[in-house]
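Dock chain A against the given chain G, drawing on the hints supplied.
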Amino acid sequence: MTWEVVIGLEIHAQLKTASKIFSGAATAFGAEPNTQACLVDLGYPGVLPVLNREAVRMAVRFGLASHSTVAPRSIFARKNYFYPDLPKGYQISQYELPVVHDGWVDITLDDGAVKRVGITRAHLEEDAGKSLHEDFHGLSGIDLNRAGTPLLEIVSEPDLRSAREAVAYMKLIHQLVRYLDICDGNMQEGSLRCDANVSVRPLGRHEFGTRAEIKNLNSFRFIERAINFEVERQIDIIESGGSVVQETRLYDSARDETRPMRSKEEANDYRYFPDPDLLPVEIDRATVDEIRAELPELPWEKQDRLVSDYGLSAYDASLLSASRAMADYFEAVASRVGDKKVAANWVMGDLSGALNKDGIGIEASPVSAEALAGMLCRIEDGTISGKIAKSVFEAMWAGEGSADAIIEARGLKQITDSGAIQAVIQQVLADNPGQLEQYRSGKDKLFGFFVGQVMKATRGQANPAEVNKLLKEMLNG
Amino acid sequence: MALTRHEVENIAHLARLRISADEVPGYVESLSRIIDFVAQLDDAETDKVEPMAHPLHMTQPLRVDAVTEENQRELFQTNASRTERGLYLVPKVIE
Chain G
81 MTWEVVIGLE IHAQLKTASK IFSGAATAFG AEPNTQACLV DLGYPGVLPV LNREAVRMAV
141 RFGLASHSTV APRSIFARKN YFYPDLPKGY QISQYELPVV HDGWVDITLD DGAVKRVGIT
201 RAHLEEDAGK SLHEDFHGLS GIDLNRAGTP LLEIVSEPDL RSAREAVAYM KLIHQLVRYL
261 DICDGNMQEG SLRCDANVSV RPLGRHEFGT RAEIKNLNSF RFIERAINFE VERQIDIIES
321 GGSVVQETRL YDSARDETRP MRSKEEANDY RYFPDPDLLP VEIDRATVDE IRAELPELPW
381 EKQDRLVSDY GLSAYDASLL SASRAMADYF EAVASRVGDK KVAANWVMGD LSGALNKDGI
441 GIEASPVSAE ALAGMLCRIE DGTISGKIAK SVFEAMWAGE GSADAIIEAR GLKQITDSGA
501 IQAVIQQVLA DNPGQLEQYR SGKDKLFGFF VGQVMKATRG QANPAEVNKL LKEMLNG
Chain A
681 MALTRHEVEN IAHLARLRIS ADEVPGYVES LSRIIDFVAQ LDDAETDKVE PMAHPLHMTQ
741 PLRVDAVTEE NQRELFQTNA SRTERGLYLV PKVIE
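Keeping their order, the protein sequence lines are chains G and A.
Counting in the working numbering, the first sequence runs from 81 upward without gaps.
Counting in the working numbering, the second sequence runs from 681 upward without gaps.
Next up, chain G with everything else stripped away, as it sits in the complex (with noise of 0.2 Å):
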């Protein structure tokens, strides 16, 4: 039997708000438990939410980016249920009316083939608090600091046929919240994390099968890995007589499986219903058309503009705008070079190794665009060759200065001078009578021995090309 994988995605991500979406109180991440939490968010008697604007015009953001409709009144809801780190005894969120739906973005797949995925809908809520179970004399301690966080909870159709869509989604979603600079997109800090609804049918089927929820996922590599242990489980189960049922469940990173959480009988049994503290929400035609006018260039846009300005492929692009900031930094050197490929092979290449191998983003990187560029300058105007420029690069990441005086401190101006480089290979000829005899009586490969030898003993710093031509002449001659 062939299965058919059905996934769609809840994404939730964290606004980028400084203050709360409901309080006056700071969303900064690390703080001090509890010392961003206040009345409103401790969900004391007699408070009244009153909503951020600017979470407002975040979610108008996302949704214009994402070819989604605007919703001109949406509500809030009372979505109940007991937890500690849930003050209220309720989730404000949004039901029958949110801010955005009926949307779809596009995604690359791994063979170059493009898929849309709607976008079913994406709505305003507040994120709960957090309980740590460790320690605590066999009590959980209750951190409320990002109770009240704003959240737009991204809702996908299901249209995602493997864990590699489901990730590729996710990754566009990633991208396109950092370029729309509404969620800083720390996986690791939770602003933003899924939750996978996974369901298997034989292909051809029409009917969905019955799904489980996979909750918090909160890395790329997780996703993927949780998704294929799913579908493996779902399939296992069928195809040996049994039927799934529709639960939650945990992924365990550490045994790479997922299992069903427990105390679910009440799940889903939420009674929503409007939030009487809060009036209904209306968004203007001249509110959304000034924040469509602010919208930045987004990553597809940049990417189609990237291989039309600088001649790139369209996977070179697509590395290269990854972020607003890489594209920033390519741009920047691309500006002040010839070589449109050589920058981009530059940034892609060592610039974006010693990032990582460093840890650190292109935002902080010790070499700017413009020294990157001042370096590349030197390769074209022949004053170093491209091998040479590695190590002033390398130089130049350790903080030794501009590349000009790397290389002239270091001593590293390429030998172009003909005289000079003769001399060399004069001398290289005189050293290896043995190796000469071989060449002259037919051995042509040992060309490289002498190119290498004439490269050892000037550093690396001759001219190749330069050498090539001579040494032709004089092992000939």
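Accuracy of the hints is not assured; some may be wrong.
[To be verified] So the derived label-pair ranges between C-beta atoms look like this:
id: 1; chain 1: A; residue 1: Pro-771; chain 2: G; residue 2: Asp-261; range: 39 to 45 Å
id: 2; chain 1: A; residue 1: Pro-771; chain 2: G; residue 2: Glu-269; range: 24 to 30 Å
id: 3; chain 1: G; residue 1: Leu-119; chain 2: A; residue 2: Ala-719; range: 34 to 40 Å
id: 4; chain 1: G; residue 1: Glu-337; chain 2: A; residue 2: Pro-741; range: 44 to 50 Å
id: 5; chain 1: A; residue 1: Ser-761; chain 2: G; residue 2: Leu-283; range: 39 to 45 Å
[Stated by the list, open to error] Only part of the chain A face toward chain G is listed, based on derived beta-carbon distances under 7 Å:
id: 6; residue: Arg-698
id: 7; residue: Asn-751
id: 8; residue: Arg-753
Hints in this document: simulated from the structure, not taken from any laboratory.
Ideal Cβ positions, reconstructed from N, Cα and C, are used throughout, including at glycine.
Only chain A this time, still in chain G's reference frame:
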């Protein structure tokens, strides 16, 4: 519409209300009467009426995104039965 005994028990559980077995019939009776009372609305013609989310004909005012609250943890935690290292301590609940 009469509620069942099971429904009443479930509602109590969702609301974390403890009611004894001999109280249940009384709740079945009185809650069913409340539902019957509200069910009169089923007779109203509502096809052309937009559902109402709020009785006030107003829209939600929005606040400027600014931090206006200071840390008052010490004050708030005087109200808590137990705290440690800044955390509120509660009976263990774990999924």
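Hints, verified against the model:
Separation of Pro-771(A) from Asp-261(G) is about 41 Å and conforms to the stated range, judged on CB atoms against 39 to 45 Å. The given range of 24 to 30 Å is respected by Pro-771(A) and Glu-269(G), whose C-beta atoms sit roughly 28 Å from each other. Range check, Leu-119(G) to Ala-719(A): Cβ separation about 39 Å, and the 34 to 40 Å hint holds. Remark: the range hint 44 to 50 Å for Glu-337(G) to Pro-741(A) is upheld by a beta-carbon distance near 48 Å.
Under the hint 39 to 45 Å, the C-beta atoms of Ser-761(A) and Leu-283(G), about 57 Å apart, miss the expected range. Given the 7 Å rule on beta carbons, the hint for Arg-698(A) is violated: about 14 Å separates it from the nearest Cβ of chain G. Taking 7 Å as the C-beta cut-off, the interface hint given for Asn-751(A) holds, the closest approach to chain G being about 4 Å. With a least beta-carbon distance of about 5 Å to chain G, the hint placing Arg-753(A) at the interface is held under the 7 Å criterion.
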